[in-house]
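Asks: So the chains spell out like this:
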Amino acid sequence: GAGVSQSPSNKVTEKGKDVELRCDPISGHTALYWYRQSLGQGLEFLIYFQGNSAPDKSGLPSDRFSAERTGGSVSTLTIQRTQQEDSAVYLCASSLAPGQGNSPLHFGNGTRLTVT
Amino acid sequence: AQSVTQLDSHVSVSEGTPVLLRCNYSSSYSPSLFWYVQHPNKGLQLLLKYTSAATLVKGINGFEAEFKKSETSFHLTKPSAHMSDAAEYFCVVRMDTGGFKTIFGAGTRLFVKA
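Sequences listed follow chains A and B, in order. Taking the working numbering, I'd label the letters of the first sequence as residues 1 to 116. Taking the working numbering, I'd label the letters of the second sequence as residues 1 to 114.
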């Protein structure tokens, strides 16, 4: 079946521009996560959506970062006025609702963002 | 608050020797625990997960992990390393009650020498 789909796979943008990253989760997965992985680093939690509940935004590094999830499915991560330190791979993952058999996260292939 | 600590940033073993990647966690609630592997320029793949049914969990590619509540550990092991095991390994903790934020450890890079 289809996995988590992220687009674009690569994005090069100029400093100061806004970017939008898209994530299409696995059908039926109510939980959706965004992470950031900088070169040679681990995964940094950004934001988490679960069903219709208010998202957990505690990992967003600044107010330039925002995310929404429309209709409980597709999610968009927006970075405004990009900075060079925003360069990283942005990973999206989805899962069944937590508590449903310790559902693991299924990851997309990520969007590699380069800010020049 | 929950957290996860991978005790070694790098581990180097010879092919055919055992692998031990260490992970300690803290969680206010009963956690779910996972190990993921990331090969160079590849996506994240689930190795195994702790379901609370058994403390010794077997995963793919011959890996296994043992949940020890008294030590708050979930170390990953493999009896005999292969060259193809060279990758980055992440220990992951998720609370099953309250918030469901899933936290990744910093990762352990495994090197396998011929």
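Treat the hints with care, as some may be off.
Unchecked claim - Some chain B residues near chain A, calculated using beta-carbon distances under 8 Å:
#, residue
1, VAL19
2, PHE34
3, GLY43
4, PHE104
As the list claims (entries may be wrong) - In silico lysine-lysine, BS3-like type, Cα no more than 27 Å apart, as pairs:
#, chain 1, residue 1, chain 2, residue 2
5, B, LYS113, B, LYS58
6, B, LYS42, B, LYS58
7, B, LYS113, B, LYS69
8, B, LYS101, B, LYS49
9, B, LYS101, A, LYS57
10, B, LYS69, B, LYS58
11, A, LYS11, B, LYS42
12, B, LYS49, A, LYS57
13, B, LYS113, B, LYS42
Since the hints were made in silico from the structure, they are not lab data. Ideal Cβ positions, reconstructed from N, Cα and C, are used throughout, including at glycine.
Asks: May I ask which of the numbered hints given earlier this structure violates, with the numbers listed in increasing order?
Replies: 1, 7
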